[in-house]
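Throw the hints in and build the complete structure from the sequences for me.
In the numbering used here, the protein residues as written are 1 to 88.
FYI, nobody ran anything at the bench for these hints, they're computed from the structure.
Note that the coordinates shown come from a computational prediction; the quantities given were computed from them, not determined experimentally.
Accuracy of the hints is not assured; some may be wrong.
Claimed, not checked - With a Cα cut of at most 27 Å, we get these calculated DSS-like pairs of lysine-lysine:
(1) 74 x 86
(2) 74 x 19
(3) 19 x 86
(4) 54 x 86
Claimed, not checked - Restraint-style ranges between C-beta atoms, simulated for each label pair:
(5) 88 x 3: 17 to 27 Å
(6) 88 x 56: 39 to 49 Å
(7) 86 x 66: 29 to 39 Å
Glycine included, every Cβ here is placed at the ideal spot set by N, Cα and C.
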Amino acid sequence: MSIGQVMQIIQAAMVTVLKVSAPVLLISMAVGLIIAVLQAATQIHEQSVVFVPKLVAIAVILVIMGSWMMENMKDFTYYIFDQIVKLS
Numbered sequence: 001m002s003i004g005q006v007m008q009i010i011q012a013a014m015v016t017v018l019k020v021s022a023p024v025l026l027i028s029m030a031v032g033l034i035i036a037v038l039q040a041a042t043q044i045h046e047q048s049v050v051f052v053p054k055l056v057a058i059a060v061i062l063v064i065m066g067s068w069m070m071e072n073m074k075d076f077t078y079y080i081f082d083q084i085v086k087l088s
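Below you can see the structure in the form of structure tokens.
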């Protein structure tokens, strides 16, 4: 296995990780930012006010995007197994 092949696999892994984790991270960040602005405006600084909406938003995004995430992971797994077959 050459350095180029290893770098290609690492690049594919990193792209897959970014694609799969981006929806959850972006929604969590957006909800956190919105709640932080609301907390600053109302001066309510309760931790559960941040936690519950983030938890609900993440659950909703996982329900909506879960099949797409699994499809990406499945494609990456097929790619890795294909590379293993080509190696031998």
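Here is how each hint holds up against the structure:
1. 74 x 86: holds (18 Å)
2. 74 x 19: holds (13 Å)
3. 19 x 86: The hint holds at about 25 Å.
4. 54 x 86: Outside the cut-off at roughly 43 Å; violated.
5. 88 x 3: 17 to 27 Å: holds (19 Å)
6. 88 x 56: 39 to 49 Å: holds (47 Å)
7. 86 x 66: 29 to 39 Å: holds (30 Å)
Hint compliance for this structure: hint 4 alone is broken.
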